[in-house]
Amino acid sequence: MAVLSVEGSQKHWAFQPLTKPTSQSLDRIVRLEIKAAGVKPTPPADKYTLIRRAYFDLIGLPPSPNQIRAFIADKSTNAFEKVVDELLNSRHYGERWGRHWLDVARYGDSNGGDENHAFPHAWRYRNWVINAFNRDLPYDEFLRDQLAGDLVQPMDEERLPATGFLAIGTKILAEQDPVKKRADIVDEQLDTIGRVFLGLSIGCARCHDHKFDPIPTRDYYAMAGIFHSTTIGDRELTGDKFTAQGKLLKDKLAEITASIADLNRTFTRQHALEWEAEAIDRGNVIVLTNGYGKGIGIIGDRGKGEHWAEYDVKITHPGTHILELRYAAKDARPGQIKIDGKPLSENAISETTGEWGPSNQRWHIEGKADLSLGQHVLRIESKPLMSHIDKVRLSAVDPTNAVLKSVEELHALKADRIKTKAALRNAKPMTMAVRDGQVKNSPINRLGNPHDHGEKVPRGFLTGVGSAVGNAPEKNSGRLELADWITSPDHPLTARVIVNRVWHWHFGRGLVGSPDNFGTTGQRPRNLSLLDHLARRLIADKWSLKKLHRYIMLSKTYRMGTVSNPGAINGFPLRRLEAEAFRDALLQASGTLNHEVPPHSSLKIISQNPTHVTLARNRRAYEEYPYRSVYLPIVRSHVYDLFTLLDFPNATTPVGKRANTTVPTQALMMMNSPFLIKQAAAVAESVRKTKNPLDELYLRLFARPATQEERSESIEFIKNATKRKDERHAWTLLCQTLLASNESLYLR
Amino acid sequence: MTLSRRDTLNRIAVGFGGLAANSLLASNAFRLPARAKRIVFLFMHGGPSHIDLFDHKPKLEKYHGRPLPFSERKVTFAKRGNVLAPPWKLRQVGQSGLWMSKLWQYLPTVADELCMLHSVCETNVAHGGACMKMHTGEEALLRPSMGAWVSYGIGTENQNLPAFVTICPTSLHGGENNYGAAFLPSRHQGVPLGTPGYPNSTAKNAKFHYMENKLHDRADQEQQLGLLRRMHERSQAQGLTHPDLEARLQSFELAFRMQMAAPDAMNIRNEPESIRKLYGMDDPKTENFGHQCLLARRMAERDVRFIQVSHAGSLPFNNEQWDQHSHLEQGHSINVGQIDKPITGLIMDLKSRGLLDDTLVLWGGEFGRTPTTQAGTNPAGRDHHPDGFTMWMAGGGVKRGFRYGKTDEFGYHAIEDRCTIHDLHATILHLLGIDHERLTYRHNGRDFRLTDVYGDPAREILA
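The listed protein sequences derive, respectively, from chains A and B. Per my numbering: the first sequence = residues 3 to 750. Per my numbering: the second sequence = residues 14 to 476.
Possibly wrong hints are sitting among the right ones.
Here are some, though not all, of the chain B residues that point toward chain A, as calculated from beta-carbon distances under 7 Å [to be verified]: (1) A153; (2) N190; (3) R200; (4) Y211; (5) Y223; (6) N226; (7) M244; (8) D257; (9) R261; (10) S264; (11) F265; (12) A268.
Keeping only pairs whose Cα atoms sit at most 27 Å apart, straight-line, the calculated DSSO-like set for lysine-lysine is [what the hints assert, rightly or not]: (13) A:K442 <-> A:K183; (14) A:K213 <-> A:K659; (15) B:K217 <-> B:K364; (16) B:K298 <-> B:K102; (17) A:K423 <-> A:K249; (18) A:K680 <-> B:K220; (19) A:K296 <-> A:K393; (20) A:K416 <-> A:K306; (21) A:K416 <-> A:K249; (22) A:K306 <-> A:K385; (23) A:K22 <-> A:K37; (24) A:K680 <-> B:K227; (25) A:K721 <-> B:K227; (26) B:K115 <-> B:K290; (27) B:K92 <-> A:K182; (28) A:K421 <-> A:K606; (29) A:K385 <-> A:K416; (30) A:K558 <-> A:K22; (31) B:K102 <-> B:K115; (32) B:K227 <-> A:K725; (33) A:K606 <-> B:K220; (34) A:K183 <-> B:K92; (35) B:K227 <-> A:K727; (36) B:K72 <-> B:K419.
Honestly, the hints are just simulated from the structure, not real lab data. C-beta atoms are modelled at their ideal positions from N, C-alpha and C, and glycine is treated no differently.
Isolated chain B (complex conformation) (with noise of 0.2 Å):
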């Protein structure tokens, strides 16, 4: 048997995230024209509070201390206390007036660039189950994450680098799950800088596995290679010609290859000190998550197409990062006072190097904050609340300055323009040039989307 070029394209996926799609899938019906090329999203694990952050609602300090003046179906974990105001002042910033914690220091710097998204809702209350949907779509079952389905629809443009990089992931809460390929093909799955760990690992210590060797030098890989390619030819030669073979020793030369372009994307060193300051990495409170940041831009750069940062260490007082069931003044002050340079950094640096326009930035957690106090929490802390809380987008082709959507005065329901999971997600896909209705796999005798049966893209947001 002859093997064609495409056939052997087809089998090896050259490169770790596969060609572009076109080639892959037997159509490409599902490309809309896109306004991002890639997406960074940062992941704050536990659940920032929204109330406290960006949603500004008055109301909390008129009934601060007294219970919700309304009652409503259980959407919350433990038992409901009473109103609780937030700590902090907000104010108005940028031109756009976007709404601001004071906690905020640096990111109002940048406010005009964000897009708030107010009214993302319908995750499930527990962290395992929120998790899973906002990663995958789907809170029980197993389903591919939207970094798999992103590579297995438009693949990636550098063949040395994966498509989907998770920058230390976090293993709870579906774990690699949250960036697995489930049923795709394995080759669109995240791979992990760092393994994953909770508290996720530091970026200092974040690698790509197996890509050095400290026991083999290049000529002792050069040799290794050239005997395979020897038998490898033997072997075609008797007639065994199956492509698998083909592809296999074409990995090997890839593989090589990949080992002198990930450490190049991954050295810092040549970083110039304004860049290291920008993202805060002169600072230890802000030198991890700026690290994290920073690898996340030299990822862009290089066109890897998602690109996952997670804010997920654990604090003394609360498990997860952000998960402050109690001590809320404290823990989100640290939790800010962590990634608010960094992120401010990112988006500056990003401008600054014409990659903001077609990269999309996303902020935020699974869920976001009751209002009220967790019951008997002291110093007081708030629970988790997935039915109104708020995200942000920069970037990749949205509105910048603009506020999307609305939750009641008390910050409890989204109530206008209400963004589900799905809709996130199609908002994502169709930012990224997909069209989420579209692109489907078949798996089990049905097709698969990202977005079930559901989902609709915010087009008010659209830039």
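So here's chain A without its partners, still in its complex pose (with noise of 0.2 Å):
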């Protein structure tokens, strides 16, 4: 291909603005296209094939049977629009769309590259993202804040997750050259801004004027001094909103604390045995009657090891006991008591009292335990560390005692502090987030060498493409400025690049069949009058993408039936569903699936080192995990296979259009899979419960009732089946196929 020179490239389509449609009407310039293309429109889809096309297109999940025999009888005039707006407000929307955008924001829960360490903040981007399509955030306020949420005035900590956009990139982790691991990282967040907001590979020109679209060197330079003045890192978030849920946990904690402590207050005991702890039978510990254990004499551990003691006795009034152990902690040291060697409760020996010392010595209950007359052993036991024991005391308590009750209440109490306190760790607010470093313009690297600097360049943005440029400016790095310039309504290139996004997600292929790449290199427009209509209906909407759904989906073009021949336009083209849409209906299909936004920031899933039988542990853990397929973490190099199979994108670089791929070891997934044969048999159990079996399964997968000849087809199928094995596995079977066919994993 021959280089095109900076002006010749700048007569290139897509650098110029916006065309004046033919027809204000995305119909009637869809109706012109498929005339001049010599072909009829295909009639109207039916009821079935549109409810389960909204569902899937706009939240991600198929509709139920319920809600699509309440659509069949819905004979009103606007029943589908009814549909779109339930689904636009629906908080499984953002799920869905969200999902779509992190694609191109390559959003990954680690790093990738060299060192695949965890970002365990990523999750609030993701979050930010969800949100942001659910309160239909104007686009242009969208991209100004994954850009420069932290320089919005008046500023605003909500906006601040927003700008994890710039930092979740993969860098080099090791890289041993600091000047180079810095131009590397700034050339990844502009290559990432160049392809995601204006289709542009704006990375080319590092080394060299850009050999295709009109982008100097100069101008990489005067963009990447916005980015050398910028700086990655985790916030802290102090607000209210962030802060609120921690409030609420210490609150929690501070009464079950309280709680504890009442119930360790005085019951009545009777034959109470009370012994030093440090009179042992037999053990390991170490007693200390000086410092710690001044004046009282105590029992602890040698710094390592596994520490125990172990107490002969003998009980003379059979029945219930309590055993209560006096103790004095700082941190909790848990451990274990067995009492002839059973273990009494959890989390044993794991009050704190404030020191360590003689003076914080205080009493606890343990446990309660059964003992007959005679010969018993009591064993404390803690690893590596002991708590300060001081004494032990067992002592019968009647039947009806109060105390007896309480105590199981205090095994619970326990168990949530424990719970509470590692929410409390975790409700931390934290952020990946950037923010204005020192601000300094950046020298031209020759060829790319971060190490042979040309001229400096003043902070800036294209001058080849857009309008007006400017510079940015000399108190900050500029990038609001660099916002501002890139959501300017005569900007050629942003609004054409998110509609065309948008046409691409609802029907599988865009406009312009290169979402990331609108240079002269990427392909031509199929209708550059339909794509620059919807460009201008956008910006004239205050760049609302919920309205922009709402006008393409209640067109009769999205309405239209099916068309299964790649490239044709008269239709809705068939395509295959993405691998998280295949998941979540796989697992409400089965009944499985936990619809809520889940509790916790992300999985615990090991990203660094992980070994075999790591990466085998992380696959449970995915497959067990019951949330929406969004909130799966993305651990970049190990990403869920289930997803890598059905060609989830690489986390690792933006990807406006995935790959379709067919290949036999999908279909080894599909039929060997023991996740999905499992699925597949809670499936079969669930509708085999209800009135109609057949049918009930048929409109799960596939959003329709089974027609006469496949109810008979499958009646036939599982006495068949039935034969070999038994009923239910004969069902499962069906399950099974039906999930793994192609009108289950397509799109009509």
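Using the hints, put the two chains back together into the complex; each one sits in its own frame.
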């Protein structure tokens, strides 16, 4: 390909102002296009097809049998409109369309690259994206917040996680040359911004003027200066909204602690046996009579290893006993207490008393046990460290004693406290973000070599594409001004790029076939008039994406019947569901999907230095995860294989168009994955409980009732399979087959 | 619409690796006469020490315990100590007189098959960057791995096995990316035999995922396939004739056949005792790596195109297998002890089956090690060293008993016939019959190559 001059490439269609569309109606523009292509529009899709299409498209889940029945029964002319509005207002809309955005934002929960460290706070960016879609944050603000949410005045902490967009890229962490490392990070940011918002490969201009698009190296370093003036780092969120959860948890913790103290107060003891902890019969603990044990004598640990103390106890009054320990502990050092080898309770010896000294010694109820007359062995274990234990007391109690019930309560409270503490740790609100650093202009790096400096370039934007060029202000990095420049309504690329993405995500292919490349090496738009009509409309609608969805989905074009011929424009193109939609639909059909937002940040998944054992554990964790796919952690380099097999995008680079491969490894998974078979069995079990299992099955998986032919075919299938084993097995086989079928995996 | 056979084939990428290239790529202008049909890459994770194993440098003994007599730009990782002589003598072996450490007890018997590349250079100084460079040609950005390029270029001749198999891969330092397809179609990615891990899984437990089914038997699956076929025919009759749908049905039928082919490739039960011994499978020390090498031979026999075997465990005193920052003597003794017999056995076995002529064997790690100690290590070890180290090839159209390239007298810099990773990749592709400059893939508006815009095949080593 010939290298274009800057002037020559500036004539490229995408760099021209938006054209005046041939009509003000999407349907009219498409009708003209269909007519020009010499084909006929496909008749409208039937209602069953339509509701499944709309549900998967907008919320990534199939309609439930009841939702289908209600839609079919609704004979009003605006029945479909009602469904679309309902879905746009659903919380699940953001989970679906936010995930689309995460594809281009190259979202990941770990670094990938050379060292795969976890990004424990990346999820806040993910959730910000989901919420932004749900509240229909105008696209220009959506874009601005991701580039400069920290700089928008007045300052609003809720925008900070948005800047995670600039921070979540893959970095080469062990790079030994700090100058190159920094330059590589900036390059990744620039290249991402270019592809995602402008459909331009700005990164190509790092070493030389862009060969095909009007991006001189000088412009690259003008923009690079902006990001050299920006630092990446985790930031703590201190606003009420983020700390509210922490406050609640703290209050709860105080309440639990008070209740435990209450329970430990005096109760009626009978026949109490009380002895000094240091009076051991066997054990390896040390005895301290000075320092922490001064005046009382305590047992303790030697710093490492396992510690234990055993006592031979003679019970003279059989029956229920309460065991108490007197100990001091500044930090919880939980251990185990066993009577005759049987553990007394979980989370034993786990209280804290403020300090380690004798004045901090307190009695604590540890549990209860039914003890017979005669000899018993009581054993205390703790590893590697042990609380400072002073005394042990065993008291028989009356079976009616209220304390017995309280002991149960105590165990529950202690377990609750552990959970609350963990939640509190997770609730420390941190987010991946950026802030302005030392503001400086970047020199041109000759041939991309960060050590070979040319002239310094004032921070600024692209000069060959877009509108009135300005420079960044002196006092700050210029990110906010960059966002303003990109979202200027007369920028020829911004609106076109996003409406094309929206079209692509609705129809499975864009009006421009290369959604991340609008440059001269990208594809030409199928219908520029349509693209520009939608772009103009988006801007006129104040960048509201929900209005755009509504406009597209309520068109006749969207509601046409399915065409399966690749490239056909006269109907709704048949397309495959994404991995996430497949998994979510599967879990919904089997009744195991939890539709809530998970309460914790992310699953605990090993990303750095995983062994094959921990990787297997990761996989189990993915398989047992009950929440929607968008919340599963994306561990770069070790993404859940069900996802990668179904062309989940590589999370280290923006992906506007997912691959769509058909390989036997997918089929092997569909046939042999124990997880899938388990889900199929659950679907089978659940539909068999309904009045009409076959109809229920077809409604759940295909959003339509079974035909007569399918009914008899299924009955025959079950009959034959039952002969080999049993009916339950036969139903599982049937459900698995339907789940794996084209109709389940494809959207019509 | 009527579906041409060609359409279907193109979409389904028949089999694991896709069809032979000429039907997938617009042009086969990149094809050259092939000297090798397949490659076995024995990857030594962590960085084996070239000067202790193959690159004989008498100056190291002379300067032992003293600083290097020259100062050089930093190509090491940590602080440099003094020169360290190899703990073992190197001696010349075979008719060809290649140098090998005394540690090698078996490899000398096949010395005359080997082609030493003493001047491999210019990788990254850290494991991550260097591993990615070695496997993908790029140290920072995500690029297709060389196995994926080879699969994309020349496909596979065995439709029932993947074109690119990686046996017991490590999950570190690029992990999946080191056998990934990046922007190439995903069917070209390496299929791991065993869960990637660190340390890597044992050969005994290495399996292809989803190849077996303990819950459903063959009759169950045949019945399921029958139903899928009927459902597909019905939707076709309704006018849904998208080629992907047809391709998908075929992929199920193919998967069904593969389930039978794969276990056979893995099944070493019928290998005779003599072969097991040849690979050292009778000795706990060599059993695991021997098993991996034997699997590699079985894959090679079945025309898998790109086979990688990873020696990528860890040692009690160092993390990555060959990464002897300390404990050089102990570590390298253990490591050579584990691989010496198996790789020698592999070369002999390939040769006796007539497979060595068209199988390229490549041995090496992501970099070499410094001629000096790493400062402050005890027992002494050596640091990472990327600017001159040794890899070797055997079979597949390379000169036998040959030495290519040279490092300076301390084994520090490659000074003759410098062979960058791009050159190495160009050479490998050349041997496999691929012009590295013409095998390209268009992505995001530009053409990509394994060798970026660099690389020349090392023509001197061609037999």
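Hint check against the structure, violated hint numbers in rising order: Of the numbered hints given earlier, the structure breaks none, since each of them holds.
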